[in-house]
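2 protein chains.
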Amino acid sequence: MYPRKLTRSVITNPDYPVVETKGGKLRGLWEEGVFLFRGVQYATAKRFHMPQPVQPWEGTKEAIIYGPVCKEIHTPIAHDEYNVPHYHYIQDEDCLYLNIWTKHIEKGVKRPVMVWIHGGGFSTGSSIELYAYDGMELCDFGDVVVVSLNHRLNCIGYLDLSDFGEEYRYTGNLGQADLVAALQWIHDNIDAFGGDPGNVTIMGQSGGGGKVNALIQTPAADGLYHRAVIQSGLMTGSKDLLPERSKALGRAVAAELGLTQETIHEIETVPYYILARAAQKASKELGVGWSPVKDMDYYYGSGLTNPFREETKKIPMLVGSVLGEFDQNYNQVYAPGSKNEWDEALVNRLFDERFGENAQAVKDAQRKAYPRAKVVDAIFTNKGGRIAARDYCFKRFEEGCAPAYNWLFNLECPLNSGTIPWHNAEEAYMFHNACYLEASYIPGVSEDLQDQMTGAWVAFAYTGDPNHVGMATWDAATKENGACMIFDVRTRQEFHHDDELISLLPDKPIMGSNSRAPETTFGGGPRQSL
Amino acid sequence: MYPRKLTRSVITNPDYPVVETKGGKLRGLWEEGVFLFRGVQYATAKRFHMPQPVQPWEGTKEAIIYGPVCKEIHTPIAHDEYNVPHYHYIQDEDCLYLNIWTKHIEKGVKRPVMVWIHGGGFSTGSSIELYAYDGMELCDFGDVVVVSLNHRLNCIGYLDLSDFGEEYRYTGNLGQADLVAALQWIHDNIDAFGGDPGNVTIMGQSGGGGKVNALIQTPAADGLYHRAVIQSGLMTGSKDLLPERSKALGRAVAAELGLTQETIHEIETVPYYILARAAQKASKELGVGWSPVKDMDYYYGSGLTNPFREETKKIPMLVGSVLGEFDQNYNQVYAPGSKNEWDEALVNRLFDERFGENAQAVKDAQRKAYPRAKVVDAIFTNKGGRIAARDYCFKRFEEGCAPAYNWLFNLECPLNSGTIPWHNAEEAYMFHNACYLEASYIPGVSEDLQDQMTGAWVAFAYTGDPNHVGMATWDAATKENGACMIFDVRTRQEFHHDDELISLLPDKPIMGSNSRAPETTFGGGPRQSL
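Chains A and B supply the protein sequences, listed in that same order. Reading the first sequence from the start, the letters are residues 1 to 530 in this note's numbering. Reading the second sequence from the start, the letters are residues 531 to 1060 in this note's numbering.
Certain hints may be false.
Said to hold, decoys possible - Derived DSSO-like pairs: lysine-lysine, alpha-carbon spacing no greater than 27 angstroms straight-line: (1) 640(B) <-> 843(B); (2) 535(B) <-> 103(A); (3) 479(A) <-> 313(A); (4) 640(B) <-> 5(A); (5) 5(A) <-> 535(B); (6) 904(B) <-> 1038(B); (7) 535(B) <-> 637(B); (8) 247(A) <-> 281(A); (9) 555(B) <-> 637(B).
Don't read these hints as lab results, they were simulated from the structure.
Kindly produce the complete structure, drawing on both the sequences and the hints.
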């Protein structure tokens, strides 16, 4: 997202740059050597109906402004704006837009296409929610075509109304159907933007990683992508949403709105905030959230716990996580001062509180896993995300899939004189945007690490193999080798390095226990209902 | 606002940088040589009550995240995101926060303080709404202390409930009282941030300029500022809001909510969106908008049409406008292609449509006023803002005030192969942010012009006189000399240069006549009610 400091005149003239899509002509802009097309509509959709192709138009439409993003079911709060700067934007149910960054607008150039699918679970976020998502540097660094997209979320993307009739059959997976529609648009149009429809990498973080995991188990997406990346998108213990529960939620929301089989169509026109309030109430009461429905028709369930489908075994993957994840978001506070300056007595007390009788064993395992790091870092180390990413790779190998490469992002950030990286921290490094982020930028270090990491992602997009000459060798992960690429000041491959440590960490998340966010002069607190 | 490309490590450590305010300690950050303090609470306020000083606190609070901005009464749309990029942010009624950029955090340094008051009429916007408002470059360029602030707007800032009792006496001017509270906080605390409480410049654009105009006529603000800047904040024909009309609106909103003298206190707790809907309905029915009330107690009415108060005659001012203003916002389209490539027949037709029997006279006057510009530019030239800014300066002189300097921003921007500057276009140039804005950046030109223009604003903040060695001489404006500094590729002072042209232009605004915004693949249209 803008602004960045410009050095060349930005061009967006009436007749340049213009690209002809199947729907009609689009006029984008040229900036610092990259063509940008913002707010490109890839489909239209009536509420609770499947996405449809865009109607063709005459003349040229402008694509220099981002399209609206999906309605959010919660009001945002500013608690994590420093660690994870957001680009808040205009929300609308009409949100099926994508953005393109490319260095070429002629056909036949056939550069790899890297499609970014945003996080925020399946309920919030957008293609432009985080500054780290800006595709310009990645496009320029790798000479790849970067696409980011919005789709329907929360109660308009994943509310299963299939009990109310055949026309609502896929309502529990509409958000996923939007993703498929976007991939279809890319397949049909990306050649005109210099992209190779035969080489599309889908990648996403957090919920976006979850969406990639889901697409791999979605027959409708087969053939529309060729490589896949999951970043912090898997968690041990997460369960597939089964139709009996998703349908129960659909019925409960309808009941909350006073709708019956006879009047159910009114759900297509009730104001969003009324629908959202009913949906939140029913969701809370039933304990069912927003996610794709494993109906064994549109979607076959998470690859972490279900067999991989034969059709997607050929897809090579990058699957990894961040050291801290949710255990180190929002710049958590356990004690005054910097964690790197806490004295031994304080660290011992915190270890006793957190690990109980395992305190000493965790210390020993931490020293073994990360000999150059502080012992105290174990407090901020996430277990569930690390195990899930690793085991997903092992499972791919065991089921005879194409190589899956496991990674761990572990760069200590300068915030608070040293902070373990949080959920989202790696994104700026694979998007080559690390120099733009206050909380994580380290002069001389960030430049090198983003070259290595973005380089790996780009190499993977080109060839299906992330190895490149600027980085240590990276082996596909197997249960036997336990191979993991650690992105850090010294990027290195290790083997089974943290088996013992993560087995000793407690399962329960640390948030909400004895940690707290730092105090501002304004309130923080959880997201509010609409 | 971030991000910008960093070259040095950003410091925000537990104990540095920390500044002690009257309320308590605040921890900000150091970035590229500038200290930033974001989201600093300057007052608290119950809805429909006057702002109160912040309660003191123990320990250190973080000030590295922007505070919430005021609730907006309309939903934003994306029509002007390219010309005027926005930083949308979290909205809350709890919005009395300011932001500080400074190069010093010791007392006694006494740098000039430049306080930015945002636009958006009196109903929308925030201290961080536009990327152009980022204070870092201005601070760094001028070694000045930059402050930007939020305050209450629309129906929570300017709804006159004074008919309902003494406790609501100033409700029609609460948004202004917030501004005064912010200036008081600055007066009491800015020394600790390297600022001089004895040298405070207030400045604002559009509604922000209107707020500066109003502060000059507000006794409560006397002594809290020493120089003033109005940018595109005055318009011919605008009328003061008088108590009989503002009170009628207050009564109508209460009635719409079903409230009486006995139950009026419930208006303090009704959900904002319900209040806002009632307020919009009543506002529309009565034809009364949101602005300060000329009650001859808190506020004495616009300086454009009322006598200047003796107390503020000593305030030097910069007062100016932009060539296009509202007549050239949103990249308007009259005909296909670039206006600079329209043929003579088309230009003649547009002139006939717009100017009728004056078409030829306008052409002649345009050539005389701007001999190096295209004749067609007259179509996009704003009349009301230009006359109001000029006449305001003349009136200052006539009433024996300190010098008032008139200016006109007239840089043709590269968008669409040449576009007349729009409302907001000058902000990036006096904030030294022109290199960050896609729509207006011109390599080699923007760098020079922003040095000249920011230099003038900084010189004015230091001395009350905008003249500096990097720019042509600039005389205070009088009706006799008609002096105007024209900021353009060739910045120059002219005298009575456009008297004839603007007298020939029609009064009615051009928007909504035969112009239209360019087409995107998503809808534009007016802002929606909540």
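These are the hints, each one checked on the structure:
1. 640(B) <-> 843(B): 24 angstroms, holds
2. 535(B) <-> 103(A): 21 angstroms, holds
3. 479(A) <-> 313(A): OK: residue 479(A) and residue 313(A) at ~18 angstroms, within 27 angstroms.
4. 640(B) <-> 5(A): 30 angstroms, violated
5. 5(A) <-> 535(B): OK: residue 5(A) and residue 535(B) at ~8 angstroms, within 27 angstroms.
6. 904(B) <-> 1038(B): 22 angstroms, holds
7. 535(B) <-> 637(B): With Cα atoms ~30 angstroms apart, residue 535(B) and residue 637(B) exceed 27 angstroms; violated.
8. 247(A) <-> 281(A): 15 angstroms, holds
9. 555(B) <-> 637(B): Holds - the C-alpha atoms of residue 637(B) and residue 555(B) are around 15 angstroms apart, at most 27 angstroms.
Violated hints for the displayed structure, listed by number in ascending order: 4 and 7.
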